[in-house]
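K.L.:
Spelled out, the chains give:
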Amino acid sequence: MFEQLMMAGSTIVVGVFGCVAYFFASNLILDRLLPARGPNAGANINRANAVRPWLFLAPAVILLGLYLVYPVFVSIWLSLHDSGGDRFVGLANYSWLFQDGKFRESMRNNLLWLLVVPAASTFFGLIAAALTDRIRWGNFAKSLIFMPMAISFIGASVIWKFIYDFRGEGQAQIGLLNAIVETLGGTPQTWLTLDIANNFFLMMVLIWIQTGFAMVILSAALRGIPEETIEAAILDGASPLQIFLKIKVPQIWGTIAVVWTTITILVLKVFDIVLAMTNGQWGTQVLANLMFDWMFRGNDSGRASTVALVIMLLVTPIMIWNIRNARKEMR
Amino acid sequence: MDNIAGTRSRLVWAVNLSVVALVVLWTIPTFGLLVSSVRNADQIASSGWWQALFPATQNLIVRAAPAESQSEEAGKFVLAGNALEGSSGTVSAFGASSREPTAFAPGDVADFGSGQTLSVAADGSYRIESPTRFEGRSPRIFVTARMPPSFTSSNYAKVIGAEGLGRAFLNTMTVTIPATVIPILIAAFAAYALAWMEFPGRALLIAAVVGLLVVPLQMALIPLLKLHNAIGIGKDYLGIWLAHTGFGLPMAIYLLRNYMVGLPREIIESARVDGATDFQIFLKIILPLSFPALASFAIFQFLWTWNDLLVATVFLGNTESQLVMTGVLRELLGSKGGEWEILAASAFLSILVPLIVFFAMQKYLVRGLLAGSVK
Chain D
1 MFEQLMMAGS TIVVGVFGCV AYFFASNLIL DRLLPARGPN AGANINRANA VRPWLFLAPA
61 VILLGLYLVY PVFVSIWLSL HDSGGDRFVG LANYSWLFQD GKFRESMRNN LLWLLVVPAA
121 STFFGLIAAA LTDRIRWGNF AKSLIFMPMA ISFIGASVIW KFIYDFRGEG QAQIGLLNAI
181 VETLGGTPQT WLTLDIANNF FLMMVLIWIQ TGFAMVILSA ALRGIPEETI EAAILDGASP
241 LQIFLKIKVP QIWGTIAVVW TTITILVLKV FDIVLAMTNG QWGTQVLANL MFDWMFRGND
301 SGRASTVALV IMLLVTPIMI WNIRNARKEM R
Chain C
1 MDNIAGTRSR LVWAVNLSVV ALVVLWTIPT FGLLVSSVRN ADQIASSGWW QALFPATQNL
61 IVRAAPAESQ SEEAGKFVLA GNALEGSSGT VSAFGASSRE PTAFAPGDVA DFGSGQTLSV
121 AADGSYRIES PTRFEGRSPR IFVTARMPPS FTSSNYAKVI GAEGLGRAFL NTMTVTIPAT
181 VIPILIAAFA AYALAWMEFP GRALLIAAVV GLLVVPLQMA LIPLLKLHNA IGIGKDYLGI
241 WLAHTGFGLP MAIYLLRNYM VGLPREIIES ARVDGATDFQ IFLKIILPLS FPALASFAIF
301 QFLWTWNDLL VATVFLGNTE SQLVMTGVLR ELLGSKGGEW EILAASAFLS ILVPLIVFFA
361 MQKYLVRGLL AGSVK
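Going down the list, the protein sequences come from chains D and C.
When we follow the numbering used here, the leftmost residue of the first sequence carries the number 1, and every step to the right adds one.
When we follow the numbering used here, the leftmost residue of the second sequence carries the number 1, and every step to the right adds one.
These are computed hints drawn from the structure, not numbers from a lab.
Among the hints, erroneous ones may be present.
[To be verified] Derived pair list, reagent style DSSO-like, types lysine-lysine, alpha-carbon separation capped at 30 Å: (1) Lys363/C with Lys158/C; (2) Lys269/D with Lys226/C; (3) Lys76/C with Lys102/D; (4) Lys102/D with Lys284/C; (5) Lys269/D with Lys328/D; (6) Lys284/C with Lys248/D; (7) Lys328/D with Lys248/D; (8) Lys328/D with Lys246/D; (9) Lys226/C with Lys158/C; (10) Lys363/C with Lys284/C; (11) Lys363/C with Lys269/D; (12) Lys102/D with Lys248/D; (13) Lys336/C with Lys235/C; (14) Lys269/D with Lys284/C; (15) Lys235/C with Lys269/D.
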C-alpha cells in the first residue's frame, strides 16, 4: 500500500519534471542549434520560430494521435475481422448487427434517450435558471441543484435504485417512489422491470445529473441578455412570462443549442447507469452497454468494435457542426 | 429592471415556492442515501429512511443472557436482562415463540413450556424463571417496541474495512492525482502554441482538437488495450494514467486555449520586444495568468477521473490493489443488491470527495463550464 502511494507520488514528480525537462531541454537545444546571433542570425530566428511551435505541441499531438485518432482506424480494421481479430470476415459483423435483436433494442432505446434526456435536462435547467435568478437565495439553490454533477454515474445509480426499490406484499415499502405510490392508494411496482417505462426511470438519473449543468450555462446566458431589450418589453407592458418566452429565450437559442448537443453526446456515451441499474435486461439495453457486453462478456473485438463505430457514426454530425462553429468564430 | 416586473408579491411567492420544490426534488435522493447509510440493516428493512427521524415500531428478536449468567432465587433459576439493550424504547408487546411474537402485553407472564416463564416490562427488562438449571443456548425473546431514532456509524466501519473501500480509496487516489496533473502541463504548452504562436496548420489543429472533444471513449478501448498489452504495460496504473491523459487532452487544450487567447496581446508583445523567448513568456507570464483556467480544468479532470468506471474497468484489473471505488460499488451492486446499509455507506463514501471538491471549488467549475460551452 505504502509502495503504491510512493509509486503514485513518484509518478507525479517524474511526470511533471519529465514534462518540464522535455520542454526546457528541447527549447535550449533549439536555441543552441540555431543561435539568434552571428552571421546567420536572421535566418536562424525564422527557422527556430518555425520549429518551436512543434516542440510545444509534440507531446500533446502524439498522445492525441495515439489515444484518439489511431483507435478509430484500428476499430474499423477490427470491425472487419472475427472475434479474435485474426480472420478477415468482410462485412459479416455489420450484417450480424442489423439482424441482432439486442442491437435494434439498443438503437430504439438510444433514440428514446436522445429524444428525452437532452430535452428534459435543458427544459428543467432553463426553468431552474430563470427562477433562481429572481430570488435572493438563488445561488444557494443553484449549487444544490448543480450538486448531482459531482456524483459518479454509478453512485447516482445506487441513489436512484434505492428510490425505485420494491418490497413484496406485507412489507413496508422502503423505496421512496413505491412509498409515495402506496400513500396515494396505488399498487407498488418493480419499476425497473416494467417494459418501455423502465427506460424512463433510467433516464431520470441522467436528467437529474445534467439539469444542473444546463442551469449553470443557461443562467449565464440569461444574464448576458442586453438590459435594454427587457426594459423595452416592460415599458410595452409585457408580463414576466411573455418577457421570458418572447424576449429572453429567443436571444439565447445559440446557448440552448450548445447545451442540447453537449448532453446529446453524453447520452450516446452513457453506459454506467444502464450497467448498474438493469445491465441491459428487461428491454433497457443501450449501445454503449452493448459494446461493453461484447467486449467483456462476449469477448468479441469484432462485434464490439462494430458497435463502437455505430456510436462514433452517431456522434459525427455533432462533431462536424462543432468544428464548423469553431471555425466561424476564429474568422 | 427585473424587479419592476416582479414586484407583485404573489409572483415572488410563487417563484420562491417553485425553487424550494426544485431544490427539494434535486437533493432528496442524495439525502435519503445519507440517512440510510447511518441506519442499521433492521431499521432500513423495516421502515423508510424518511421515518428515521421519528420513533419507530420495530420487531426485535433478542436472545436472552447466556446460561452462565443465571442466578438462583428461592429455588428457581433466573435469567434477567434488558431486551432493548439499554436504549430508551417502549415495549408494546412481546412473545415467547416466533409464531406468536406479539401475544403478550408488557407485564404479562408468558409460558415457555416445561415450567419456564417469561415476563417483559415496558422498559424492556425481562426475567425468565425456570424450575431447572438453564443449559445450552438461552431462549429467544420476541419484542415489539417503539424505538427512539438512533443512528450508527458501524456501516462505514464495515465497508471501509471488510468491503475493501478503504483500500479502494487509496487506489482511486493513485489513479486520480497523476491523471489530473500530467495532462494539465502537456495541454498548457500545446494551448499556448495554438493561441500565441504562428505556424502553418494551426487552424487545422484547432479544428482537430474541437473534433476530438466528442470522440466516444468506447471507440478507443479495445485498440488501446491491445496496444498496452503489446508494448508490455498491460493492466496497470501507468496504462490508466496515459489513457486518462489522452482522453482528457482535447478538453484541456480547448479550455486553456480559449482562455489564453483572451489574455491581453500587449503583455506578450512587450515581453517579446524585451527579448523574452517563447519558453520564458509561457513560464513567467502565461502560466501564472492562466491559473483560473488551469484550476477549472483540474477540477473537471479530477471529478471525471474520480467518477470514471469505464476506463478503470478496462485498463485496470479487479484485484484488491487495483480496484477503484466505482469498481467496488459496481461489484457490491451485484453481490449485495439488497443490503442497502452496505450500498448506501459505500456509495456515500465514494461520492464524498467529489462533493467536497465540488462545494469548495464550485466557482472554478462553473467558470470552466462556461468557457468550455458558451463559445
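K.L.:
Quick one, are Lys363/C and Lys269/D close enough, alpha carbons at most 30 Å?
P.N.:
27 Å, holds
K.L.:
Run the distance test for Lys363/C versus Lys158/C: straight-line Cα separation, threshold 30 Å.
P.N.:
35 Å, violated
K.L.:
Does the structure keep Lys328/D and Lys248/D at a Cα separation of 30 Å or less?
P.N.:
24 Å, holds
K.L.:
Mind checking the alpha carbons of Lys336/C and Lys235/C for me, to see if they're no more than 30 Å apart?
P.N.:
Judged against 30 Å, a Cα distance of about 27 Å means the pair holds.
K.L.:
Has the given pair, Lys235/C with Lys269/D, been kept, meaning a C-alpha gap of at most 30 Å?
P.N.:
23 Å, holds
K.L.:
Given the hinted pair Lys328/D and Lys246/D, is their alpha-carbon gap at most 30 Å?
P.N.:
27 Å, holds
K.L.:
Does Lys248/D lie within 30 Å of Lys284/C when you go C-alpha to C-alpha?
P.N.:
43 Å, violated
K.L.:
Taken at face value, is the distance from the CA of Lys328/D to the CA of Lys269/D at most 30 Å?
P.N.:
27 Å, holds
K.L.:
Is the straight-line distance between the alpha-carbon of Lys102/D and that of Lys284/C 30 Å or less?
P.N.:
56 Å, violated
K.L.:
Is the straight-line distance between the alpha-carbon of Lys102/D and that of Lys248/D 30 Å or less?
P.N.:
Cα-Cα ~43 Å, so violated.
K.L.:
Given the proposed pairing of Lys269/D with Lys284/C, does the C-alpha separation stay at or below 30 Å?
P.N.:
Status violated; Cα separation ~39 Å.
K.L.:
For the pair we were handed, Lys269/D and Lys226/C, check the Cα-Cα distance against 30 Å.
P.N.:
21 Å, holds
Figure legend: structure checked against the earlier numbered hints; hints not met, in rising order: 1, 3, 4, 6, 9, 12 and 14.
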